[in-house]
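Throw the hints in and build the complete structure from the sequences for me.
2 protein chains.
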Amino acid sequence: MNLLYAQSGGVTAVINATAAGVIAAAREHPQRIGKVFAAHRGILGALAENLLDTGSLDTAALARLARTPGGAFGSCRFDLPDVAVNPAIYDRLFDVLAAHDIGGLLYNGGNGSMDLVARLSTEARRRGIPLVTVGVPKTVDNDIVGTDCCPGFGSAAKYLATSMREAGLDIASMVADRGSVFVLEVMGRNTGWLAAATALAAGEDADAPPHIVLVPEVPFDEEVFLARVAAVVGRLGYCAVTVSEGLRRADGRILLEKSHDRAGHVQLGGAGLAVARLIHERLGYKFHWAIPDYLQRSAAHWVSAVDYAQAIALGRASVDFVLDGRDGMMPAIRRLAESPYDWDVVPVEAAHIANLERSLPPEFIAPDGLHVTASARRYLQPLIQGEVTVTTVDGLPDHRPFDLHPVARRLPEWTR
Amino acid sequence: MNLLYAQSGGVTAVINATAAGVIAAAREHPQRIGKVFAAHRGILGALAENLLDTGSLDTAALARLARTPGGAFGSCRFDLPDVAVNPAIYDRLFDVLAAHDIGGLLYNGGNGSMDLVARLSTEARRRGIPLVTVGVPKTVDNDIVGTDCCPGFGSAAKYLATSMREAGLDIASMVADRGSVFVLEVMGRNTGWLAAATALAAGEDADAPPHIVLVPEVPFDEEVFLARVAAVVGRLGYCAVTVSEGLRRADGRILLEKSHDRAGHVQLGGAGLAVARLIHERLGYKFHWAIPDYLQRSAAHWVSAVDYAQAIALGRASVDFVLDGRDGMMPAIRRLAESPYDWDVVPVEAAHIANLERSLPPEFIAPDGLHVTASARRYLQPLIQGEVTVTTVDGLPDHRPFDLHPVARRLPEWTR
Chain X
408 MNLLYAQSGG VTAVINATAA GVIAAAREHP QRIGKVFAAH RGILGALAEN LLDTGSLDTA
468 ALARLARTPG GAFGSCRFDL PDVAVNPAIY DRLFDVLAAH DIGGLLYNGG NGSMDLVARL
528 STEARRRGIP LVTVGVPKTV DNDIVGTDCC PGFGSAAKYL ATSMREAGLD IASMVADRGS
588 VFVLEVMGRN TGWLAAATAL AAGEDADAPP HIVLVPEVPF DEEVFLARVA AVVGRLGYCA
648 VTVSEGLRRA DGRILLEKSH DRAGHVQLGG AGLAVARLIH ERLGYKFHWA IPDYLQRSAA
708 HWVSAVDYAQ AIALGRASVD FVLDGRDGMM PAIRRLAESP YDWDVVPVEA AHIANLERSL
768 PPEFIAPDGL HVTASARRYL QPLIQGEVTV TTVDGLPDHR PFDLHPVARR LPEWTR
Chain E
408 MNLLYAQSGG VTAVINATAA GVIAAAREHP QRIGKVFAAH RGILGALAEN LLDTGSLDTA
468 ALARLARTPG GAFGSCRFDL PDVAVNPAIY DRLFDVLAAH DIGGLLYNGG NGSMDLVARL
528 STEARRRGIP LVTVGVPKTV DNDIVGTDCC PGFGSAAKYL ATSMREAGLD IASMVADRGS
588 VFVLEVMGRN TGWLAAATAL AAGEDADAPP HIVLVPEVPF DEEVFLARVA AVVGRLGYCA
648 VTVSEGLRRA DGRILLEKSH DRAGHVQLGG AGLAVARLIH ERLGYKFHWA IPDYLQRSAA
708 HWVSAVDYAQ AIALGRASVD FVLDGRDGMM PAIRRLAESP YDWDVVPVEA AHIANLERSL
768 PPEFIAPDGL HVTASARRYL QPLIQGEVTV TTVDGLPDHR PFDLHPVARR LPEWTR
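Chains X and E, in that order, are what the protein sequence lines are.
Note that the numbering used here has the first sequence beginning at 408, numbered continuously upward.
Note that the numbering used here has the second sequence beginning at 408, numbered continuously upward.
Since the hints were derived computationally from the structure, they do not count as laboratory data.
Model, not experiment: these values are computed from the prediction.
Mixed in with the good hints there might be a few duds.
Claimed, not checked - Just a few of them, taken from the derived set where beta-carbon distance is under 10 Å, the chain E residues facing chain X: (1) R448; (2) F480; (3) G481; (4) C483; (5) R484; (6) A568; (7) E592; (8) D612; (9) A697; (10) I698; (11) R704; (12) V713; (13) Q788; (14) Q792; (15) D801.
Glycine residues also receive a C-beta, built at the ideal position from the N, C-alpha and C atoms.
Now the structure itself:
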């Protein structure tokens, strides 16, 4: 049988490490696994029969793939409709899989992707199709239920904590009489995992940046927040604040700077600006604000070695899951020990976790709602450990394109 | 005699490498140089007699200092008034220097700082004070005249070009039917050096990000710009744009996103947001925008080895300048060869370059004004070469505070 690997949703700095793990593990079973195809641009690529043959990637290319950010095969955002609503889309997908002798589908995504894994697994069983569908976790948001952490998160966490430590030293050296603030807006629409990670920059030092961490789990209270900012500036001359992009007021409204696109989707971004402006208007301080946006999830030049290892391990485990017939399952990380950190891989039922979202537990959030706790730091600390060597060409990371060949189509064209 | 070293204006990822160069070089001349004091928070700290004794920094601390971002001794923004307007401030400064037997002042700053160097040098000579004042260049903006490049620029350039390459792979993998754009806003109020540096991410590949580079030297033409964005999206499905923060329209107005908050106050966003919104509103594409702000000038985890070496070398050279009595001068980088890159240090008269600003030369800007040329890339390429080893503790760069002791005051208190 052949395997099909597909990337889904927002990509990460180590999603291709998972891909490399899948491909390398599959090659260790030449008796049971033929080719590993990759869907070009996610499940929509699979539906369009746009498949890439990963056989052209030699060992050196695989090693380079593992250290390349973005989704090397392309990703997409697509929710599989209910089979009762649109059976044709399932027909098509199974046709593509059958046409290319694909017996295992490895779907690398987040909460929504596990929904697809569960749906596809159920429908394949109902139709008697011998397909093994396995979910492979990834997300910088760290919000998948059933796993101790998610590949992609540790590297984004390391990047953001490093950035807060570095920028914190910058603003500390620029302290002026009138006081100054620095606001770092990080990803996290509904959960504050990445915001919490910036607290690692301060460690045990209560006077080190970030002085305040605002997460979506805690409704934003202007007055409480401003009083704390003023207190920190009074003590240190400056204040560094981390803001989750999805920060909300008590009535549920997201902070300023939202806009609607033509399709009516809310485009987020700008909670950091809103908070910075608020401080400026109410307290008069000089302000700087940074929004790393894609930079935080693509910084392959500064990934966490632990995250990188877990990304590869879960890719490899998903191949084992296919071989073991663990249909509709997702390999997850289980924390065995905190110090020294130890972990292993365990199976989780995709249907049990699909579309759920893991928020910061209450014990990770300080009672005043303006920072995270030592428990949070203990949880986060192991995930940012270690660095991965970066190969550079002309002073920049070597991210040349890969030599990937499209697989000849065997089916008629399909339109969505 | 003792030396006084002071940091001025916006700091960089390698300004402390210059400081370490100063301190190390001074220690090699125990017969001629006593202590190296650092002004706490720049020239204002010197005026307040807030001096720090760098003698407490041992060799290991100096090595760590060189790799620490921000200004370890504190910086400030302050322009020395004309002596005719405010002779008292000169009196005070010379009093502080005399009280601590300071015979050499090393002032580490940008264009404005060279004005202070020239003024102070002139006034000391007029008064017959045997002070040697030396300017030491630093700025991420790369806009100091008389030097081939400025310490701090190469590292910010490397960080931004790396970020564009990484984020470019991210957005390329997320291509959707409706088209998408990514806008990276970089520093540069009047000059496009940092924006130009992001072009290194693409190298010779015309289809690689960034597809468009907008610099303050070229007035922003909405229609020409939007037509190019549409063409790139038509060809590739996405478009990555670099925008200088100081981008201006033909009438000289800076491009800023204006929005109104609930109270009716105008909120100013950055040029990057303005450009992203413009694209979205006129062309309908999905957009992401990043503003690294302080992150781009403090990313000590990813500095250029060439920049780092030059920062140290100019610190060391400034001590030689003091010893050689090169009063009112600034050591500058001269480019001797491009490939392989070679450079040396030459003296420049501070008075000749003070307050001037070096823009991108016309031959570095593409005829259509929407990108930079191969000449620009040839100039920039050597400046981002090589990496510097980062020491980490618990997964983050080791930036513990330094053990610095205040020097006992010998003068009455001073108020500005």
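Hints, one by one, checked against the model:
About 7 Å separates the beta-carbon of R448 (chain E) from the nearest beta-carbon of chain X, less than 10 Å, and the hint is met. A distance limit of 10 Å between C-beta atoms decides the matter here; for F480 (chain E) the minimum to chain X is near 8 Å, and the interface restraint holds. Because the beta carbon of G481 (chain E) sits about 5 Å from the nearest beta carbon in chain X, less than 10 Å, this interface hint is met. For C483 (chain E), the suggested interface contact is upheld, since its CB lies about 7 Å from the closest CB of chain X, less than 10 Å.
For R484 (chain E), the interface hint holds, the least distance from its beta-carbon to any beta-carbon of chain X being 7 Å, beneath 10 Å. Using the Cβ-Cβ criterion of 10 Å, the hint placing A568 (chain E) at the interface with chain X is satisfied: the shortest such distance is roughly 6 Å. Against a cut-off of 10 Å between C-beta atoms, the interface hint on E592 (chain E) holds, since the closest Cβ of chain X lies about 9 Å away. Here the hint on D612 (chain E) is kept, as its CB sits about 9 Å from the closest CB of chain X, short of 10 Å.
Because the beta carbon of A697 (chain E) sits about 4 Å from the nearest beta carbon in chain X, less than 10 Å, this interface hint is met. Satisfaction of the interface hint for I698 (chain E) is found here, the shortest Cβ-Cβ separation to chain X being roughly 5 Å, below the 10 Å cut-off. Restraint check, R704 (chain E) versus chain X: the minimum CB separation of about 7 Å is within 10 Å; hint holds. With a cut of 10 Å, the hint placing V713 (chain E) at the interface with chain X holds, because the nearest CB-to-CB distance is about 8 Å.
Hint status for Q788 (chain E): holds, given a least beta-carbon distance of 6 Å to chain X, under 10 Å. Among the interface hints, the one on Q792 (chain E) holds; its C-beta lies about 4 Å from the nearest C-beta in chain X, closer than the 10 Å criterion. With a least beta-carbon distance of about 6 Å to chain X, the hint placing D801 (chain E) at the interface is held under the 10 Å criterion.
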